[in-house]
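Novice: Going line by line, the protein sequences match chains A and B.
Quick note on our numbering: the first sequence kicks off at 1 and runs consecutively.
Quick note on our numbering: the second sequence kicks off at 1 and runs consecutively.
Restraint ranges, calculated between C-beta atoms of paired labels, are given here:
(1) GLY144/A with ARG118/B: 46 to 54 Å
(2) TYR30/B with ALA71/A: 43 to 51 Å
(3) ASP185/B with ARG294/A: 24 to 32 Å
(4) LEU288/A with ASP185/B: 32 to 40 Å
(5) THR61/A with TRP102/B: 49 to 57 Å
(6) ASP15/B with LEU155/A: 58 to 66 Å
(7) LEU72/A with PRO83/B: 43 to 51 Å
(8) VAL287/A with ALA29/B: 40 to 48 Å
(9) ASN55/B with ARG294/A: 32 to 40 Å
(10) TYR30/B with ASP102/A: 14 to 22 Å
(11) LEU261/A with ALA136/B: 57 to 65 Å
(12) ARG293/A with ARG118/B: 40 to 48 Å
(13) ARG82/B with ARG190/A: 21 to 29 Å
(14) GLY234/A with ALA29/B: 38 to 46 Å
To spell it out: a stretch of chain B is covered by chain A in this simulated footprint if at least three of its residues, at any positions, have a beta carbon under 8 Å from a beta carbon of chain A; those stretches are:
(15) 61 to 70
(16) 82 to 92
(17) 97 to 104
(18) 119 to 126
Derived from the structure by calculation, the hints contain no laboratory data.
Even for Gly, the Cβ is constructed at its ideal location relative to N, Cα and C.
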Amino acid sequence: MLIDALTLQLGYNATLVAIGAGLLGAASGAVGTFLFLAKRALVSDAVSHATLPGIALAFLTMVALGGDGRALPGLLLGAALSAGVGLVCVSWLTARTRLTEDAAIGAVLSVFFGAGVVLLTVIQTLGAGRQAGLETFLLGATAGMLRADALIIALGGALVLALAFLLRRPMLMVAFDPGYATTQGVNVRRVEMAMMVLAMAITVVGLKVVGLILIVALLIIPPAAARFWTDRAGGVIALAGVIGAVSGYGGAAISATAPGLPTGPVIVLVAAGVFTLSLLAAPRRGVLAVAMRRHNVRA
Amino acid sequence: MMLDATQAIDPEPVDLADSPLALRGLTVAYGDSPAIEAVDATFQPGQMTAIIGPNGAGKSTLLKSALGIVRPVSGRVTCWGRPLSRQRYRIAYVPQRASVDWDFPTRVLDVVLMGLYRQLGLLGRVRARHRDAAMACLSRVGMEGFATRQIGQLSGGQQQRVFLARALAQGADLYLLDEPLAGVDAATEKAIIDVLKSLKSEGRSIVAVHHDLSTVSTYFERVLLLNRHQIAEGPVLTTFTNANLHITYGGRLAATLPGAGS
Chain A
1 MLIDALTLQL GYNATLVAIG AGLLGAASGA VGTFLFLAKR ALVSDAVSHA
51 TLPGIALAFL TMVALGGDGR ALPGLLLGAA LSAGVGLVCV SWLTARTRLT
101 EDAAIGAVLS VFFGAGVVLL TVIQTLGAGR QAGLETFLLG ATAGMLRADA
151 LIIALGGALV LALAFLLRRP MLMVAFDPGY ATTQGVNVRR VEMAMMVLAM
201 AITVVGLKVV GLILIVALLI IPPAAARFWT DRAGGVIALA GVIGAVSGYG
251 GAAISATAPG LPTGPVIVLV AAGVFTLSLL AAPRRGVLAV AMRRHNVRA
Chain B
1 MMLDATQAID PEPVDLADSP LALRGLTVAY GDSPAIEAVD ATFQPGQMTA
51 IIGPNGAGKS TLLKSALGIV RPVSGRVTCW GRPLSRQRYR IAYVPQRASV
101 DWDFPTRVLD VVLMGLYRQL GLLGRVRARH RDAAMACLSR VGMEGFATRQ
151 IGQLSGGQQQ RVFLARALAQ GADLYLLDEP LAGVDAATEK AIIDVLKSLK
201 SEGRSIVAVH HDLSTVSTYF ERVLLLNRHQ IAEGPVLTTF TNANLHITYG
251 GRLAATLPGA GS
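Make a model of the complete structure from these sequences and hints.
Specialist: Here you go:
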């Protein structure tokens, strides 16, 4: 069964989902590298949790307008809007108050997530018998995903990947030294905003696959694992993309083998496996290599 | 009043259009407390100027606001008589070593190539001529053998030289350096000073925040004494005096200094 899944033998839709998850993973690994190197990865956690009220409100709006509340494009639009509001809140709190970024992240994350959970509860009590299925956005579920949904995810992932490639040079300069980047004519605020908007796009596109709670893992774990293998930023970006792709593809395929297996956690576990391997076995920076060097020095 | 006195003995007051960097009434604040207040300074072209002052005097802030990294509350910055935004490419910045994470995954050559950002742009490919230019800057600071090293493997002095090489790559006319000689070994100090002197001999201007009062008169022609306000600015010979140092450091310097005028 697992071999079938990994070799795309589970049918057209599961295959499409696995490929979509792979592209999403590649994009999120690459975009995550910039956040990781700028030491701002956790901002994306606030942004992803801030999608939940938007999803719920989009559902309510679409139902009120007499449509199908579960239409993915509408839900993703709502998610993007409230994630944007969350992002603006984090930026504003950091820039205009004495709060540091970590405090702003904590505040925005919990308030938006709390509001979202309340709205979900309201939705469940509202339409008796109507199963909205919005809770799948928490941890991701690819079972029963529509072909069009998988296409949205694949295209979104590819688009974000292309934008990250386009902006890689200024984003790396800002991550390394924002002050120096300013002197080179880089608009640091805009580049930082671009970084965050790309992370937001990953979060929104990845809602259905990974879910909003764990998407931050797919942004952080691939670059953290990739950093063990290479000392060049370009290498970290490329390798994080590959690790993200492998995790997304493998995780989606594995979760397709059993009904009710949430996709997000499986993807994250695959990524964590790659990370552990890197942590232990990477040459030079890996734990084993460092231990061996120490041993040789003592001997 | 101090300003008038120094300007009176200044042999050749410079025209604003010739000054690579002029600050007028520059005030910068972090939160409520001003870091520098109403600083007026006109830096001379083709000269090496030291900025000295006690900790917290606003020396780094002065450089950062002159470069547009920190936004001033009020005041004006002009470079060769024009607004900074038009002249940015003519100004190179060497930040403090401690301002970056040296574990960042990048090699020495890649850091120097950052100085070519304006040429490379968003998508321009790094070509052989760019690499050659970066290598030439590395050899100018004696670091050509380290091009492929990860920057985390460098000593403090080597890191400082790499930052200087990155500034050289830009081919600027004005160099603003923040404590370029702090915590570096004697060999690096000599290497850096030699490069700065050669820049000066090419007619370029240098402004450096400097912490070592004992070497001010050896290395620099001009000095700006700063303690939130500008205390004095002028030739080392007439401005770097014990009286001015006393005002700048608020009497916290016990001994009179070698090299300082009376």
